Structure formats: C-alpha cells, structure tokens
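Colleague: Residues per chain are reported as follows:
Protein chains: 6
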Amino acid sequence: MRILVVNVNTTESITQAIARSAQAVASAGTEIVGLTPFFGADSVEGNFESYLAAIAVMDRVMSYDQPFDAVIQAGYGEHGREGLQELLNVPVVDITDAAASTAMFLGHAYSVVTTLDRTVPLIEDRLKLSGLWDRCASVRASGLAVLELEHEPQRALEAIVQQAELAVTQDKAEVICLGCGGMAGLDEQIRRRTGVPVVDGVTAAVTIAESLVRLGLSTSKVRTYATPRPKQIIGWAERFAR
Amino acid sequence: MRILVVNVNTTESITQAIARSAQAVASAGTEIVGLTPFFGADSVEGNFESYLAAIAVMDRVMSYDQPFDAVIQAGYGEHGREGLQELLNVPVVDITDAAASTAMFLGHAYSVVTTLDRTVPLIEDRLKLSGLWDRCASVRASGLAVLELEHEPQRALEAIVQQAELAVTQDKAEVICLGCGGMAGLDEQIRRRTGVPVVDGVTAAVTIAESLVRLGLSTSKVRTYATPRPKQIIGWAERFAR
Amino acid sequence: MRILVVNVNTTESITQAIARSAQAVASAGTEIVGLTPFFGADSVEGNFESYLAAIAVMDRVMSYDQPFDAVIQAGYGEHGREGLQELLNVPVVDITDAAASTAMFLGHAYSVVTTLDRTVPLIEDRLKLSGLWDRCASVRASGLAVLELEHEPQRALEAIVQQAELAVTQDKAEVICLGCGGMAGLDEQIRRRTGVPVVDGVTAAVTIAESLVRLGLSTSKVRTYATPRPKQIIGWAERFAR
Amino acid sequence: MRILVVNVNTTESITQAIARSAQAVASAGTEIVGLTPFFGADSVEGNFESYLAAIAVMDRVMSYDQPFDAVIQAGYGEHGREGLQELLNVPVVDITDAAASTAMFLGHAYSVVTTLDRTVPLIEDRLKLSGLWDRCASVRASGLAVLELEHEPQRALEAIVQQAELAVTQDKAEVICLGCGGMAGLDEQIRRRTGVPVVDGVTAAVTIAESLVRLGLSTSKVRTYATPRPKQIIGWAERFAR
Amino acid sequence: MRILVVNVNTTESITQAIARSAQAVASAGTEIVGLTPFFGADSVEGNFESYLAAIAVMDRVMSYDQPFDAVIQAGYGEHGREGLQELLNVPVVDITDAAASTAMFLGHAYSVVTTLDRTVPLIEDRLKLSGLWDRCASVRASGLAVLELEHEPQRALEAIVQQAELAVTQDKAEVICLGCGGMAGLDEQIRRRTGVPVVDGVTAAVTIAESLVRLGLSTSKVRTYATPRPKQIIGWAERFAR
Amino acid sequence: MRILVVNVNTTESITQAIARSAQAVASAGTEIVGLTPFFGADSVEGNFESYLAAIAVMDRVMSYDQPFDAVIQAGYGEHGREGLQELLNVPVVDITDAAASTAMFLGHAYSVVTTLDRTVPLIEDRLKLSGLWDRCASVRASGLAVLELEHEPQRALEAIVQQAELAVTQDKAEVICLGCGGMAGLDEQIRRRTGVPVVDGVTAAVTIAESLVRLGLSTSKVRTYATPRPKQIIGWAERFAR
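Protein chains in written order, with the UniProt record's numbering: chain A, 1 to 242; chain B, 1 to 242; chain C, 1 to 242; chain D, 1 to 242; chain E, 1 to 242; chain F, 1 to 242.
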C-alpha cells in the first residue's frame with residue numbers, strides 16, 4: 001500500500017520530518033511518500049496561505065504519476081480537503097480530522113494546542129465543518145510560529161506543555177491533539193509531561209488511511225464529493241484540465 | 001467610491017451581467033468594476049473549482065492596479081472570502097452572506113435556491129461558518145447548471161420558481177435568496193411569481209459594501225483576518241509575494 | 001426617503017441625540033424623523049420596561065400621520081420588533097440586529113458592550129431569536145445605567161472601553177457593538193482606543209434601512225409577520241383598532 | 001393558596017373555561033381566580049396582539065388588590081412572562097413552559113398542536129427562549145382560529161387529533177401538548193383518540209405553581225428578573241408607576 | 001398515593017434521609033417508601049457504579065410487591081431512568097430532571113453543584129439527553145465524596161456554598177440545583193447563604209410525581225419507552241424474566 | 001495483539017458471526033476473541049435490555065482471565081461503554097462510534113440503518129453523547145428485529161437496502177452505517193445495491209482498536225474515565241469488588 005503524505009507548506013525539511021513520523025507508525029508493507037507542494041508559502045499560518053496550500057496540495061497530488069492508495073493532507077486546520085476528495089477515488093484523510101476523531105475514542109473531551117493565535121479560528125471552523133467539534137474543549141495557541149517550532153524544538157515543547165496543562169485543568173480536556181503537522185514526534189514527550197493521551201494527527205492519519213484501504217472504503221461519490229464535472233479550465237490552472 | 005465585483009468563474013458574459021446588475025443598484029457616485037479571474041473554470045459547481053476560484057479571485061484583485069474601496073466576491077457558497085479579508089484593508093462582502101444577512105431583516109426564515117444539488121452542502125457549510133445558518137429553512141437545488149442558467153433563462157426561471165414555492169410551503173421559508181451570482185436580475189420576476197421577498201446577493205452586497213464604506217468600517221485586523229505574515233512564497237504563487 | 005427612528009424610552013434628549021447621529025450618516029435625500037413614545041419609562045433596563053416600550057413604539061409609529069419608508073427601533077435588545085413588522089408594510093430594522101449583522105461582515109466574532117448587567121440576558125435572547133448569536137463572543141455590561149451614560153459621557157467612555165478591551169483579549173471578539181441606543185456617537189472614540197472596528201447600531205440601521213428601500217425589499221407577509229387579523233380590540237388599546 | 005390564572009385575550013368566556021379547568025385539578029385549599037385583561041384583542045394570534053397581551057396581563061395582575069401566591073399566564077407561546085417575573089415576588093408559570101416541561105417527563109419527544117399556522121414561529125421561539133426546545137419534535141397548526149375553537153369544539157377536536165396523529169407518526173412525537181389556553185378540557189378526548197399522553201398547559205401549570213409554592217420557591221431576583229429599578233413612567237403607563 | 005423513592009447506592013442511612021426529606025414535602029395522603037438496592041456500591045461516583053445502580057434500581061423496584069403510583073430515582077446524573085420507564089406503567093421521575101426542570105421556572109439560568117469532579121461530565125450528559133441543558137450555566141464540583149457529605153455535613157455545606165457563589169457570580173446562574181441525592185435537606189441553608197433559590201431534586205421530584213399522578217399522566221408507550229418485547233433472559237438476570 | 005469482541009446479547013451464534021467478521025479484517029498477528037455475556041437477553045432492543053447488557057458486558061470482560069490489548073463492544077447504540085472505559089486500562093471501542101467516525105471520513109453526511117423503530121432514539125442519543133451526531137443525516141429502522149435479521153438474511157437485506165436508499169435520496173446521506181452488530185457481513189452487498197460506501201461497525205472497530213494499540217494510545221484516566229474509587233460493593237455485584 002502506498003500513502004501520499006502531503007505537506008501544506010513548501011519547507012522540504014518539514015515534509016521529511018512528517019514522512020519519517022508517518023513511516024515509523026506505518027504497517028509493514030505500507031510505503032509512505034512525502035510530497036512538498038510545487039508552490040506556496042514556507043509556512044501556513046492563516047487563510048490566504050491556507051487557500052494557496054489547498055490548491056498547491058491538489059496540484060502536487062495530481063502531478064504524482066505513480067499509483068497510490070490514500071492521501072493524507074498534513075496541515076492542521078487547513079482548507080482543501082474537500083477538493084482532494086472530489087478529484088480522487090482513493091481515501092483522503094486530513095490530519096485535523098484524524099487527530100480529533102482519534103481523540104474522541106480516548107476521552108470525554110479533547111483540546112488542540114496549535115501554533116499562533118491567529119490560526120485558532122481556522123482550526124475551530126474546520127472542526128465544525130467536519131462535525132468533530134462537539135467534544136472539543138478548546139483550541140489553544142502556544143504562540144510559536146511554524147518555523148520556530150522547527151528551529152527551537154525545546155522551547156516549542158515547553159510552550160505546548162504549558163498550554164496542554166491549561167487545557168486539562170481549566171478547559172477540562174482529557175486528551176490533547178497536536179495542532180500542527182510540524183509537531184509530529186513531540187507526542188510522547190508531551191504525554192509524559194501532562195499525563196494525558198496526546199494525539200499526533202500525522203500518525204493517527206496513517207492508521208486511519210490504512211484502515212480505510214483495508215476495509216475497502218473510499219470517498220462517497222454520490223453528492224458532495226462527486227468527481228468534478230467537465231469544465232473549460234483556462235490560464236495557469238489549465239494543468240488541472242483533463 | 002469604486003467597488004470591485006469579482007466573478008468566481010471565467011465566463012466573461014457572466015461577469016458583465018453581474019456588473020450590470022450591481023451598477024443598476026449602486027448609488028450615484030459609485031463605480032462598479034467587474035473583474036473576471038485570469039484562470040479557473042468557466043463555471044464553479046463544486047469544491048475543486050471553488051478552491052481554484054478562491055485563489056483566482058485573490059489573484060485577480062491583487063493584480064488590479066487602481067485604488068478601490070470595497071470588494072464583492074460574486075459567487076454563491078464559494079471558498080475564499082477569508083483570504084481576501086486578510087489581504088485587503090477595505091471591506092470584503094461575499095454575496096452568500098449579503099443575501100442571507102439581508103433576508104434575515106425581511107422574514108423569520110429564508111431559503112436559498114441554487115443550481116445543482118452537489119453545491120447544496122457547500123452553501124450550507126458557508127452559511128454555517130458565517131454564522132447565518134440559524135434562520136435558514138433550506139437550501140434547494142433547481143437542478144440547472146450555471147451555464148444552463150446563462151443560456152436558458154426562461155427554463156431557469158421556472159425551475160427556480162418551483163423550488164422557491166416548495167421552500168415557502170414545505171420548508172416554511174418567508175424569503176428566498178438567489179443562490180448563484182448568475183441569477184442576478186431574476187429577483188423581480190421570482191418575487192412576482194412567489195409572493196415573497198426575493199434577495200439577489202449581488203445587489204444586496206452592493207448596498208452593504210457601500211454602507212460599510214460610508215460608516216468608515218472595514219475588516220478587523222486584530223486576529224483572524226490580520227494581514228498575512230511575511231513569508232517566502234515560491235513557484236507559481238510568487239506573484240503573491242510582496 | 002423618510003425614515004422614522006423611534007426611541008424606546010421617553011427621554012426626549014436621547015431621541016434627539018439618536019436622530020442627530022442617524023441624520024449624520026443618512027444619504028442626501030433621506031429625512032430622519034426622531035420619535036419619542038407617548039408613554040413608558042425614561043430609560044429601559046429590563047423586561048417590564050422593554051415590554052412597555054414594545055407597545056409604546058408601535059403606538060408612536062401608528063400615530064405618525066405622514067408617509068414614511070422605513071422604521072428603526074432604536075433600543076438595544078428590546079422586545080417589540082416583530083409587532084412592528086406585522087403592523088407595517090415598510091421595512092423595520094432593530095438596532096440590535098443592525099449592529100450584529102454589520103459586525104459579522106467585519107470580523108470572525110463580535111461582542112456587545114451594554115449598560116447594566118441585568119440587561120445582558122435580554123440582549124443575548126434577542127440575538128438568539130434573530131439568528132445572529134453564533135458569532136457573538138460575549139455580551140458585557142459596562143455597569144452604567146442608560147441615564148448615567150447620558151449625563152456622564154466621559155465616565156461612560158472609560159467603562160465601555162474597559163469592557164471592550166476585555167472582550168477582545170479574553171472573549172476573542174474582533175468587533176465591538178455598542179449595546180445601547182444612547183451610545184450613538186461614541187463609536188469613533190472607542191475604535192481609536194481599542195483598535196478594533198466599533199459598530200453603532202443606529203448608524204448601521206440607517207444604512208440597512210436605506211438599502212432595503214433602495215432594493216425594493218420589505219417584510220415578508222406570508223406567515224410570521226402577516227398583517228394582524230381583524231380583531232375586536234377593547235379598552236385603552238382601542239386606539240390600535242382599525 | 002390563591003393562584004391567579006390570567007387569560008391573554010379579552011374574551012370572558014375563555015377566561016371562565018380556563019379557570020374552571022384549572023380549579024378542577026387544583027388541590028383542596030387552592031383557590032383559582034380567573035382574570036381577564038382590561039384591554040387588548042378578543043383573541044391573540046400574532047405578535048402585535050401578543051405584545052399587547054403581555055402588557056395587559058401585567059396590568060391586570062398589578063391591579064388585583066388581594067394577596068395571591070402564584071400567577072399563571074394562560075396563553076400559549078405569548079410574550080410577557082419575563083415582565084411578570086420582574087414585577088412579582090411570587091412564582092410565575094407560563095402554560096407554554098408548563099406543558100413542555102411536563103411532557104418531557106412522559107416521553108422522548110413532544111409536539112405542540114396549536115391554532116393558526118402564523119402562531120407556530122412564536123411558539124417555537126418561546127420554547128427556544130425557555131430552553132425547552134431540544135425535545136420538541138414539531139409545532140403543528142390545526143388551522144383553526146382561537147374563537148373557532150371556542151365555537152366549534154367538535155370540528156376543533158377533529159383538526160387537533162389529525163395533527164396530533166401526524167406528529168406521532170411523522171415527527172416521532174411521543175407526547176402531545178395542547179398549544180392554546182382555549183383547548184383546556186380537550187386533553188382526555190385527544191388522549192383516547194391518539195393513544196399518547198396529552199398535556200394541557202393550564203392544568204399542568206396549576207400543579208407546577210402549587211408545587212413551587214409548596215417548596216417555598218420563587219423567582220430568583222439576582223439578575224434577569226430583579227425588581228425593576230425606580231423609573232419615571234409617563235403617559236398612559238403611569239398606572240405602573242409605584 | 002404511594003411513591004417509591006429509590007436510592008442508587010446501598011447505604012441505608014442515605015435512603016432514610018432521602019425518604020424523610022421526601023415525606024416532609026409530600027401531600028397529606030401520599031406515602032413515601034424509601035428503597036435501597038439489593039446490590040451495588042455504597043456510593044455512586046462514576047459510570048461503572050452508575051450503570052450497576054441502573055440495574056439495581058430496576059431490580060429493586062421490580063421486586064417491590066405492593067402497588068405504587070410513581071417512582072423517583074434519587075441519584076443525581078445517574079444512568080437507568082429510561083429502563084424504568086420501559087418496565088413500568090406509572091410515571092418515573094429522575095431527580096436530575098426534576099431539579100433542572102423546576103429551576104427553569106425560577107431563573108434565566110441554573111447551575112448544579114455536585115460532589116466529585118469526575119461526576120460532572122455524567123451530569124452534563126444526562127442533562128443533555130433530557131433536553132434540559134440549554135439553560136444550564138455550569139455543573140460545579142464541591143470536591144466532596146458522597147459519603148463525606150453524609151459524615152461531614154458542615155464541611156459539605158461550606159464547600160457547596162462556595163461553589164454556588166462562584167456559579168452565581170462567574171457563571172451567571174440565578175438558581176442552584178443540589179447535585180446529589182444525599183444533599184437533601186441542605187437547600188434552605190444554602191438559599192440563605194447565597195440569596196438565590198436552591199432546588200433539591202428529591203423534594204422537587206415528589207411534587208412532580210404527585211402532579212403527574214394527579215393529572216392522570218404517565219410515560220408514553222408509543223415508541224422509546226414501550227414495554228420490553230418478550231425475550232429469553234438467562235443467567236443472573238433471569239429474575240427480570242416475566 | 002488480542003482484541004476482545006463482546007456481544008451485547010446472549011445469542012452465541014451472533015457472537016460467532018461477529019467474531020468471524022472481525023477476524024476476517026484483523027491484521028496478521030491479531031487474535032480476535034468473541035465473548036458472550038453470562039447473563040442478559042437473547043437480543044437487545046431497548047433500554048432495559050441495553051442497561052442489562054451494559055453490566056453483562058463489563059462482567060464478561062472482567063471475568064476474562066487472559067491478557068488482552070483492546071475491547072470492542074459489539075452492540076449498536078447500547079449503554080455501557082463509559083463503564084468499560086473506567087474499569088480497563090486498554091482502549092475500548094464501541095461499534096456505534098466506530099462506524100460513525102469512519103463514515104465521516106467518507107462523505108459529508110451519513111445515515112444509520114438499524115433494526116426496530118424503538119431503538120432509533122437510543123442510537124440517536126448515543127451518537128449525541130459521543131459527539132458524532134452533527135453529520136448524521138438520519139437513523140432509520142428496517143423494521144426487523146435482531147433475531148429476524150439472524151434468521152432471515154435475505155429479507156433483512158431487502159429491508160435494509162430500501163431504507164438505505166431512502167436515506168440517500170431523501171435524507172441526503174452519502175454513507176450508510178449498519179446499525180446492528182448482527183448485520184456484520186452484509187456491508188458488501190448493500191454497497192453494491194446502493195452505490196454508496198457502507199460501514200459495518202464491527203470491522204471498523206477492529207481497525208480502530210488496532211490503530212489505538214499501535215499508536216500506544218488508551219483511555220485518558222484524568223477525569224471522566226478514571227479508575228473507579230474503592231467502594232464497598234454488596235450483593236450479586238460483589239463479583240466486581242476488587
């Protein structure tokens with residue numbers, strides 16, 4: 001089984017870290033392919049960059065010329081998953097949904113700890129659209145930007161632990177979701193520090209993608225995610241025309 | 001005052017019809033500029049095309065080299081408004097929100113009549129995100145594609161009237177919103193046929209945009225829609241780099 | 001175009017201030033007529049007074065013997081708007097709805113800062129009924145009574161700014177609505193102090209009322225707001241009999 | 001114990017029927033006093049009349065010069081209960097709430113069958129404000145006006161039974177609430193015809209009012225329903241000044 | 001009229017205290033019978049014990065060999081009420097629902113003060129299922145276990161008062177519900193200390209059970225709470241076979 | 001890895017069918033152990049039987065004397081999962097949640113098709129408590145009892161397909177969940193007949209349980225599902241005392 005794990009930003013080192021993390025939890029026989037978009041921002045921390053990433057992820061996946069069995073969109077709280085679901089016949093798993101969905105099997109309420117405060121409303125909105133919001137106790141910002149996370153892992157760890165503890169004591173979360181693809185790999189340390197289960201969306205998504213493939217299930221094509229109708233597509237986007 | 005009215009598809013004739021409709025209701029002294037994206041699909045009827053349009057609209061607006069006072073995104077239920085709000089300092093009005101917001105002043109509940117059934121969930125989701133869903137009685141599909149609307153206005157009218165009547169009698173709507181930018185201009189006929197107020201998002205958006213400008217109000221930059229942080233943007237999207 | 005702006009209390013000086021504020025933002029050609037109810041309390045700060053105001057406002061409007069194009073009910077969070085909508089064929093705009101509806105075009109969430117704590121639940125309930133509650137971050141009380149606002153503007157300003165700042169930092173509001181008709185005119189100062197858009201319901205209502213008239217839209221008469229059925233009305237209320 | 005049961009319309013025969021129905025279920029030692037407002041419409045079927053009734057009920061109760069232990073507002077889905085709660089220190093029970101609250105002890109979901117379709121949104125809104133909406137399967141209109149109910153009891157019975165049956169089979173209601181004070185006394189027949197429990201708000205309210213008195217409980221005065229602040233009240237409403 | 005009041009734990013002294021409290025508020029002619037389950041835990045403070053209690057309460061009631069008119073389940077936030085409703089034809093009143101339902105007649109919002117923090121989510125969930133959650137301001141834990149409540153009434157009182165005061169000042173509750181059957185009898189003292197109405201579920205349930213019997217109302221058998229279908233029941237549970 | 005799959009009824013043949021279905025999808029190296037409760041009803045179709053099953057499942061699992069890595073509760077919409085989560089340190093997966101959670105990765109909305117109409121509210125309530133209700137389009141009953149399903153598979157298939165088709169066309173479901181443990185194995189046929197993805201809770205639960213174990217995640221013990229406090233447990237239930 002081959003699973004594409006697509007980063008939403010153009011920072012190659014983050015793609016590699018995500019892919020490593022994904023491969024570590026993949027079943028024997030599952031090949032993880034990390035993909036970096038051909039265009040977009042080096043970190044995604046807001047709507048403009050997220051919309052850009054939505055198209056960049058679709059573009060990157062459609063340009064991949066080998067067969068694959070599932071796609072993981074490895075950005076937390078980003079736009080675009082629905083577009084991928086229309087374009088593809090294989091399952092698409094967003095790490096936002098994967099983490100929340102997994103957390104709900106582990107506790108009565110979960111919180112998300114993410115990067116900058118400005119991304120909190122995006123995450124909240126995506127969870128609402130995915131129908132996974134009801135048991136969300138809070139979305140909290142560590143205050144660190146995506147690339148700071150990448151460059152200062154120890155400071156990131158402390159900032160995330162601090163918010164995770166507030167989530168547990170004040171917001172009554174019983175599980176913590178790591179709210180950034182770039183946090184992959186920190187889960188074990190945060191779990192030890194906080195005493196509650198910590199879910200990393202990337203590894204959770206790998207097991208869910210594998211499960212869907214194993215169960216022979218994929219996106220319903222009956223309505224919302226039906227294959228796009230034939231269109232005349234012009235300009236730069238012509239590459240999407242088929 | 002200059003207001004940019006941006007079509008979400010690349011069909012120039014639809015842009016012109018929307019702009020005409022907008023100009024007809026604009027105040028003396030307001031100049032309406034209709035813009036067509038440089039890339040994308042000739043009609044937008046699903047998530048893939050809508051995400052493409054999100055970026056295409058941002059691209060088109062950012063490429064406009066004259067001053068302007070407000071922007072109207074003239075697609076019903078489409079992605080992207082939040083990105084524009086980040087990129088711009090002037091007010092941004094989406095016709096989805098404009099129609100719903102206006103309808104809520106006119107009746108206890110409103111329905112939207114749109115084009116194809118597959119777009120219904122997109123519209124529902126956008127209304128939920130905008131916080132304008134509570135008084136929505138239903139979103140109904142006429143079954144006509146965007147370009148059929150353009151080419152067969154009479155058949156479109158009948159199909160819309162039929163769904164509008166069902167919305168009133170079965171779903172208890174008291175106001176109808178026209179759920180497609182391409183329906184601009186049909187409101188008066190549908191109002192006569194159904195006996196309830198009919199709101200066209202394009203004209204509603206013009207009055208709202210003018211009102212915001214007149215009141216000296218624009219997008220809050222304090223959190224969700226703060227100006228994007230400086231990023232390294234590569235590839236095709238480099239044109240967004242500043 | 002003539003718009004009636006009806007105060008909910010019987011304090012004439014507040015009526016005048018509201019009318020001045022409304023006229024200042026009205027289009028050329030729009031005449032604002034400020035009306036004070038013939039009966040009721042000198043300030044409205046609770047359900048009893050608000051219900052009294054509901055009838056007093058209807059009574060005052062029905063007694064107005066000149067033609068008019070729209071009515072603005074200039075009390076924040078008060079009862080009665082639905083009754084006016086039944087009695088009239090022209091649009092009715094409540095400043096509670098006008099402010100919230102406008103605020104939602106400007107930010108992801110808004111807060112209301114009002115007068116006394118006891119009025120907070122009334123405002124919350126009215127926003128819920130109007131379907132404009134979803135994006136409300138909080139309703140906060142400045143602790144000042146309506147007439148204190150009138151008599152001690154500087155103290156009022158400080159108290160409102162303090163709560164507005166808490167709304168932004170703690171409740172994550174991105175826009176502030178002024179939750180009292182008597183606060184008209186303070187918006188600009190509060191905006192400067194807080195750095196977020198501040199919406200005054202009276203001026204917002206003027207632009208919305210003008211917009212509805214311009215669009216040829218008025219209250220749906222198909223169900224909830226249908227003209228009252230012929231009734232035998234006795235006692236003091238006979239003046240409403242037609 | 002003396003309980004005032006206040007009709008919302010000015011039709012004396014309805015007041016008497018309601019009072020009879022209330023007395024029939026009252027405990028030994030409970031005196032029911034039926035009151036008819038001094039002003040207002042002979043039947044209440046919409047917002048204008050309901051707002052008028054809100055004040056008329058408060059006026060009638062405040063004019064009652066004997067001691068009393070509780071007040072029942074005997075109109076279904078009407079405005080005004082909150083005002084009474086402010087003005088009085090004894091418990092106030094609205095029959096809308098009484099019926100819904102009682103029905104929720106009897107089944108998983110309940111429906112209301114009321115008079116005219118135009119009153120359905122009022123009832124829905126009142127149930128929402130009272131926090132009793134979650135288990136409401138539907139509010140259905142029999143199509144009969146209040147006075148038709150009074151004059152054509154057999155036709156009324158059939159129309160109510162028909163809607164009650166639809167509520168059970170289509171909307172999955174397990175209990176029916178009679179949605180009009182004037183339906184008092186029909187509960188037993190409708191129960192026999194439909195096979196589900198039928199709750200009449202008037203009799204339910206009597207037992208709830210008695211219970212509150214017996215438990216020594218009354219309206220909280222700490223915030224929303226605090227006694228009105230001293231105000232200068234002018235004009236016709238001066239009678240409310242104390 | 002005979003009402004069974006069933007404790008959810010096996011501590012006989014708590015059963016007696018509950019029964020005394022119930023009898024004190026019962027009408028003349030109402031006999032209260034306190035029942036202790038034949039099996040289960042000496043206090044119920046979590047899901048395992050609560051599920052055990054659910055069956056133990058059903059078992060105890062089914063073993064009672066005298067006629068009775070209503071059953072009160074005297075545990076706050078416990079499982080099982082729906083099972084009793086299926087098994088019995090007489091009304092079943094859970095004290096969780098009784099307290100919340102009563103509180104909603106007394107104020108705009110209510111809070112529950114219970115025992116241990118771990119039981120808070122159970123209470124919240126039960127209130128949600130009962131449709132009585134909308135007006136709940138908060139569920140707060142006093143930090144005392146059920147048996148500490150029993151053995152250290154003064155310390156319990158202080159801890160409950162402290163949380164009740166926070167509920168009023170911070171969560172904006174206007175009424176307090178005592179969130180444990182074992183708190184019966186403390187209501188009057190807490191009311192004096194906090195200045196807001198305090199509802200004890202046990203006494204509230206007695207008046208509601210009496211009211212339902214008096215009104216001739218009982219559980220709807222049409223769907224959710226229909227009598228269980230004939231089943232082959234084996235093992236220990238055979239005693240439930242009929 | 002050893003996963004216990006516990007039937008909720010005492011019909012051994014159903015346990016075996018469920019276990020076979022689970023084993024068929026389990027990874028190499030995963031041992032599925034099917035367990036039948038020692039007591040309870042031969043089929044579970046309502047609250048009484050479901051509460052009995054809750055305890056019976058806990059009892060059966062606690063009596064199992066070999067090590068195990070996860071537990072699957074194989075009843076759809078049944079009580080009890082929270083108790084198991086308290087008693088165990090390994091992950092607990094309910095098939096109701098497993099199916100819904102999986103379905104949400106496949107389409108915009110899902111429906112459940114279950115057995116008898118009387119069980120529909122139980123399933124709805126469990127989905128609400130699990131926070132998986134938002135994207136549920138409907139829960140529909142096939143009208144067949146659990147044991148009819150067992151004995152008349154072809155008739156069951158037809159009845160389920162019929163409701164699944166209505167769910168898709170009328171309720172706008174895009175995915176179908178099989179709402180009974182005894183439907184395991186029918187998914188492929190129903191998928192072929194309806195053209196939409198069909199999720200069987202048992203097989204979905206196996207992949208989720210395996211995933212949680214693989215990720216090293218288990219139930220949070222910080223609050224709701226903390227290990228039960230030491231209690232004195234008497235009577236039949238003494239077997240739970242430790």
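These are computed hints drawn from the structure, not numbers from a lab. These figures come from a predicted structure and were not determined experimentally. One or more of the hints may lead you astray.
Note: identical chains are not told apart, hence a pair may lie in one copy or across any two.
As a list, the in silico EDC-like pairs of lysine to aspartate or glutamate whose alpha-carbon atoms are at most 20 Å apart [said to hold, decoys possible]:
(1) Lys128 <-> Asp171
(2) Lys172 <-> Asp59
(3) Lys172 <-> Glu148
(4) Lys172 <-> Asp65
(5) Lys221 <-> Asp69
(6) Lys221 <-> Glu158
(7) Lys172 <-> Glu124
(8) Lys172 <-> Glu238
Colleague: State whether the alpha carbon distance between Lys172 and Glu238 is at most 20 Å within one copy, between copies, both, or neither.
Modeller: Neither. Shortest intra-copy (49 Å) and inter-copy (33 Å) distances fail the 20 Å Cα cut-off.
Colleague: Go through the copies and call it for Lys172 and Asp59: within, between, both or neither, with a Cα cutoff of 20 Å.
Modeller: neither (40 Å within a copy, 30 Å between copies)
Colleague: Between Lys221 and Glu158, at a C-alpha cutoff of 20 Å, which is it: within one copy, between copies, both, or neither?
Modeller: Neither, since 44 Å and 23 Å both go past 20 Å.
Colleague: What label fits Lys128 with Asp171 when the C-alpha limit is 20 Å: within, between, both, or neither?
Modeller: Both: 18 Å inside a copy, 19 Å across copies.
Colleague: When no copy is named, should Lys221 and Asp69 be tagged within, between, both, or neither for a Cα gap of at most 20 Å?
Modeller: Answer is within; shortest intra-copy Cα gap is 17 Å, inter-copy 36 Å.
Colleague: Which holds for Lys172 with Glu148 at a C-alpha limit of 20 Å: within a copy, between copies, both or neither?
Modeller: Result: close neither inside a copy nor across copies, 28 Å intra and 24 Å inter.
Colleague: One pair to classify: Lys172 and Glu124, alpha carbons no more than 20 Å apart. Within, between, both, or neither?
Modeller: This pair counts as both: shortest intra-copy Cα distance 17 Å, inter-copy 13 Å.
Colleague: Pop the pair Lys172 and Asp65 into one bin, within, between, both or neither, using alpha-carbon distances up to 20 Å.
Modeller: The answer is neither: 46 Å in one copy and 34 Å across copies each exceed 20 Å.
Against the hints set out earlier in the document, violations occur for numbers 2, 3, 4, 6, 8.
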